[in-house]
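Colleague: Protein sequences appear in the order of chains A and B.
Read left to right, the first sequence gives residues 1 to 246 (our numbering).
Read left to right, the second sequence gives residues 1 to 246 (our numbering).
Since the list gives no way to pick one copy over another, a pair counts as held whenever it fits inside one copy or between any two copies.
In the BS3-like style, the derived pairs of lysine-lysine whose C-alpha atoms are separated by at most 27 Å in a straight line are:
no., residue 1, residue 2
1, K142, K124
2, K11, K211
3, K228, K11
4, K145, K211
5, K155, K120
6, K11, K215
7, K172, K197
8, K228, K215
9, K228, K197
10, K211, K96
11, K124, K155
12, K28, K155
13, K211, K230
14, K28, K145
15, K70, K96
None of these hints come from the bench; they were simulated from the model.
There are 2 protein chains.
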Amino acid sequence: MSEESSGNTRKVEVVPSPALFPVYYENKNCTVVVIDVFRATSAICAAFESGVDSLIPVANLEEAIEYKKKGFLVGAERNAEIVEGFDFGNSPIGFKDGRFKGETIVLTTTNGTKAIDIAKSASKVVIGAFTNLSAVCDYIEKEDKDVLLLCAGWKDRFNLEDTLFAGAVAEKISQNLRFRNLSDSSIAAIDMYNSAKGDLFEFLGESSHRKRLSKMNLEEDIIYCLTKDKSSIVPILEGDVIVSSK
Amino acid sequence: MSEESSGNTRKVEVVPSPALFPVYYENKNCTVVVIDVFRATSAICAAFESGVDSLIPVANLEEAIEYKKKGFLVGAERNAEIVEGFDFGNSPIGFKDGRFKGETIVLTTTNGTKAIDIAKSASKVVIGAFTNLSAVCDYIEKEDKDVLLLCAGWKDRFNLEDTLFAGAVAEKISQNLRFRNLSDSSIAAIDMYNSAKGDLFEFLGESSHRKRLSKMNLEEDIIYCLTKDKSSIVPILEGDVIVSSK
Chain A
1 MSEESSGNTR KVEVVPSPAL FPVYYENKNC TVVVIDVFRA TSAICAAFES
51 GVDSLIPVAN LEEAIEYKKK GFLVGAERNA EIVEGFDFGN SPIGFKDGRF
101 KGETIVLTTT NGTKAIDIAK SASKVVIGAF TNLSAVCDYI EKEDKDVLLL
151 CAGWKDRFNL EDTLFAGAVA EKISQNLRFR NLSDSSIAAI DMYNSAKGDL
201 FEFLGESSHR KRLSKMNLEE DIIYCLTKDK SSIVPILEGD VIVSSK
Chain B
1 MSEESSGNTR KVEVVPSPAL FPVYYENKNC TVVVIDVFRA TSAICAAFES
51 GVDSLIPVAN LEEAIEYKKK GFLVGAERNA EIVEGFDFGN SPIGFKDGRF
101 KGETIVLTTT NGTKAIDIAK SASKVVIGAF TNLSAVCDYI EKEDKDVLLL
151 CAGWKDRFNL EDTLFAGAVA EKISQNLRFR NLSDSSIAAI DMYNSAKGDL
201 FEFLGESSHR KRLSKMNLEE DIIYCLTKDK SSIVPILEGD VIVSSK
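With the rest of the complex left out, here is chain A (with noise of 0.2 Å):
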């Protein structure tokens, strides 16, 4: 790319750890996409398609405490489990059944929501998993702005299965000449995601997440994750709510 389209194009940017975000944050008017794919963001995906109204989502257990207080529904995890107390969890599974249509609702989960947190000064969060990667490439392209994809990681660490998640989301929109202007990161999300494709279970079958997951017994939810575009939804953030952005 020469430099002279490169000032026509929008950045593409995968941010491989929340700790990182602050190195690729420059630009207040840019679409970040937050992405936990075990399991937060695909748990939200889940429940905006079973019907719920609007997420709040809390970055610490003691926000999560005060909402139960009030009356809200609220599902909260830690290290893969649910918190003793708490209605739900951040199994996309647990929302199939529609109980909470209508219904707003609260999470705090390991991962997810503190990289919600971190990216709220931006002006459009959007929370990304494989279950709507369709619509979040659509979203991108009619956005029209630079682009960071957050990874959630796993306590700071880089992750295989948000990278991977970033770099199908990369390699799609790239498709536009609008947005190909990619970072190092980005390059390297869409080699994974390309060596990746043809089996993404197989490929995370040795990822930390996976192997933890897959001793919890939570493989149909580990299989639910990896399936791309069960939903045309893309939740957004509202000021600290997310929402249905159709």
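Start from chain A and add chain B according to the hints.
Modeller: Using the frame of chain A, we list chain B on its own:
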């Protein structure tokens, strides 16, 4: 890998950016490989190969100026250029003529010497580049400790060339059963290295740093930095000074 065996194997973790070093650094008793392929660690390897006796890495220009006042030979690079008033920069080719043979030299660079500074509380800190790839791998295996492959990156951002080298090391040492406890970041770096190793130069064609250096007519440096095993010396940090491990 079973839980049982992982207790007996060494962890191999790629640290994608110096800003993430505190996240990955859990155990002082480890081997840290500092990686700045373009060009600080390639230059340091070239300096020792040319017969330099020792090299004092300094993180900032202020310290470099102090050493200059004391009469040391001092190299300083910022944003890929030699800083005015200093004796050399971070071009590995600049050491070819052996002009600093037997000398103690001082060096400060944009990313590499900062990464060395961040790592220095670890029990072993060594300097890695494609030019001493096999020697570094042999050294790691002999040390038989957990391994952190610290990518200097570009101003705390992920970069392709350092991660590729980290992948090359992880791929090579993980052939030894002792080094099979791979982090997600190592799995990703190995995957990328395997996809790139047929032609590293071509793979890096779109990378930010190769473009930066190409614009400055530093193609010869790039080719040098991507050539494997030109040296069997492993530069190693002892206190505040880098010496040859041989």
